[in-house]
Amino acid sequence: MTIKDEVRALWEACFEDPEAFVDLYFDRRYSDDANIAIRKDGRLVAALQTIPYEMTFCHAVVPVSYVSGACTHPAYRKQGLMRKLLKEAHRKMRENEAWFSVLIPAEEWLFRYYRASGYASVFRFDAEKLDLNVFLNDDACSDRKNDYRMECARGNREVYAYLNRGWRSRNCWVQHSYEDFLDITADLFLDKGVLLVAKRDERIVGAAIAVHKGDDLVLKELLFDDERTKTVLLSGIALHFETFSALWIKPGASYRHGMARLLDVEKVYSAYAENHPEEHLTFFIDDDQDLPENNGLYEIHDGKLSHDRNIGREAFPFTIEKATAYLFRAYLPYMSLMMD
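Residue numbers (the numbering used here): 1 to 340.
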């Protein structure tokens with residue numbers, strides 16, 4: 001049995017995902033290089049994958065690493081194995097020059113669990129209930145709908161380029177490569193979802209990703225060039241699914257969703273200082289047991305950062321969790337379409 005086969009068997013013992021989704025994940029997402037695992041009693045009993053992504057941050061695109069498939073065999077839980085795996089993962093991510101580790105807790109209690117490893121709840125979202133009848137009966141738009149051509153698209157470069165322009169324009173946003181986009185659409189179609197594209201003069205001017213989750217039709221992405229295009233897209237979604245309501249998941253602050261952890265405080269806060277030359281802050285970190293090189297005294301002044309390993313004077317106390325949260329306090333960090 002290969003390592004991949006062992007990890008898949010562990011996944012199936014821990015999660016209740018449909019076989020088609022597991023096939024997709026292990027065919028397209030999984031790699032031995034991304035996997036970190038623990039063996040006990042001659043068997044693989046805990047594993048996780050660290051998948052590279054990019055994120056817009058401080059007016060740049062920076063590398064991050066996404067923790068996926070973290071699981072421990074039921075017979076080996078409560079032995080500290082996942083904490084050990086996370087510590088190893090944090091070291092590996094930092095060595096690969098990732099700025100942050102990011103993840104989406106599968107259950108509510110896991111937010112508290114990951115906090116103990118330095119993660120902060122920074123990724124949030126809003127959920128807006130839409131009455132699609134409003135868009136179907138929009139008289140101001142109905143006489144212009146013939147200007148559009150609607151397509152139920154599959155993953156292709158043209159659609160990705162349109163979505164990617166929108167994603168790149170948003171700050172603190174976990175980005176998707178073209179290969180990742182192909183995985184997203186493959187997963188979408190497994191769930192009988194749709195990627196609806198609006199074209200005007202043969203140019204894409206809007207796109208929507210929608211799928212049923214339980215009793216709700218969920219809009220997982222909605223991008224449009226203008227309000228008229230938004231109306232046409234939403235009326236198209238209503239007609240495709242023969243439904244008159246939808247839940248639009250979008251950036252906002254109402255509900256927590258994902259978490260982040262700093263991996264290299266000096267590197268990240270140097271970029272932050274450069275982008276906030278007006279800020280003056282002195283703080284210290286002394287609780288990072290996974291990456292102790294992050295501990296020490298930091299001072300931001302005139303767009304520069306200094307770091308002293310010794311904490312020898314008065315400063316504001318930060319945990320690694322709070323140091324992470326502070327960076328995102330003025331933004332709406334967002335993570336979506338992660339196949340979580």
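No lab work stands behind these hints: they were computed from the structure. Everything numeric in this text was worked out from a predicted model, so none of it was measured. Quick reminder that beta carbons are idealized off the backbone N, C-alpha and C, glycines included. Keep in mind that a hint or two might mislead.
The list that follows gives simulated cross-link-like pairs (lysine-lysine, DSS-like), each with its CA atoms no further than 25 angstroms apart [claimed, not checked]: (1) K92 x K4; (2) K230 x K220; (3) K92 x K40; (4) K250 x K267; (5) K322 x K87; (6) K267 x K220; (7) K87 x K220; (8) K192 x K267; (9) K199 x K250; (10) K4 x K129; (11) K192 x K220; (12) K129 x K267; (13) K213 x K230; (14) K84 x K322; (15) K267 x K213.
Computed beta-carbon distance windows for the label pairs [unchecked claim]: (16) P63 x E151: 29 to 39 angstroms; (17) S177 x K129: 37 to 47 angstroms; (18) M1 x K304: 15 to 25 angstroms; (19) S245 x A315: 19 to 29 angstroms; (20) T282 x D131: 46 to 56 angstroms; (21) K4 x E108: 28 to 38 angstroms; (22) T282 x S245: 44 to 54 angstroms; (23) G252 x L190: 19 to 29 angstroms.
Here is how each hint holds up against the structure:
1. K92 x K4: 19 angstroms, holds
2. K230 x K220: Roughly 14 angstroms between the alpha carbons, so the hint for K230 and K220 holds.
3. K92 x K40: With Cα atoms ~21 angstroms apart, K92 and K40 stay inside 25 angstroms; holds.
4. K250 x K267: 30 angstroms, violated
5. K322 x K87: 18 angstroms, holds
6. K267 x K220: Between K267 and K220 the Cα gap is close to 33 angstroms, so the pair fails against 25 angstroms, i.e. violated.
7. K87 x K220: Violated: K87 and K220 sit about 32 angstroms apart, past 25 angstroms.
8. K192 x K267: 43 angstroms, violated
9. K199 x K250: 22 angstroms, holds
10. K4 x K129: Not satisfied, since the Cα-Cα distance of roughly 41 angstroms exceeds 25 angstroms.
11. K192 x K220: The given pair, whose Cα atoms are some 14 angstroms apart, holds under the 25 angstroms limit.
12. K129 x K267: 41 angstroms, violated
13. K213 x K230: 22 angstroms, holds
14. K84 x K322: Cα-Cα ~22 angstroms, so holds.
15. K267 x K213: 40 angstroms, violated
16. P63 x E151: 29 to 39 angstroms: 34 angstroms, holds
17. S177 x K129: 37 to 47 angstroms: 32 angstroms, violated
18. M1 x K304: 15 to 25 angstroms: Violated: the Cβ-Cβ distance is about 53 angstroms, outside 15 to 25 angstroms.
19. S245 x A315: 19 to 29 angstroms: The hinted range 19 to 29 angstroms is violated for S245 and A315, with Cβ atoms some 52 angstroms apart.
20. T282 x D131: 46 to 56 angstroms: 51 angstroms, holds
21. K4 x E108: 28 to 38 angstroms: 31 angstroms, holds
22. T282 x S245: 44 to 54 angstroms: The hint (44 to 54 angstroms, Cβ to Cβ) holds, given that T282 and S245 are roughly 51 angstroms apart.
23. G252 x L190: 19 to 29 angstroms: 27 angstroms, holds
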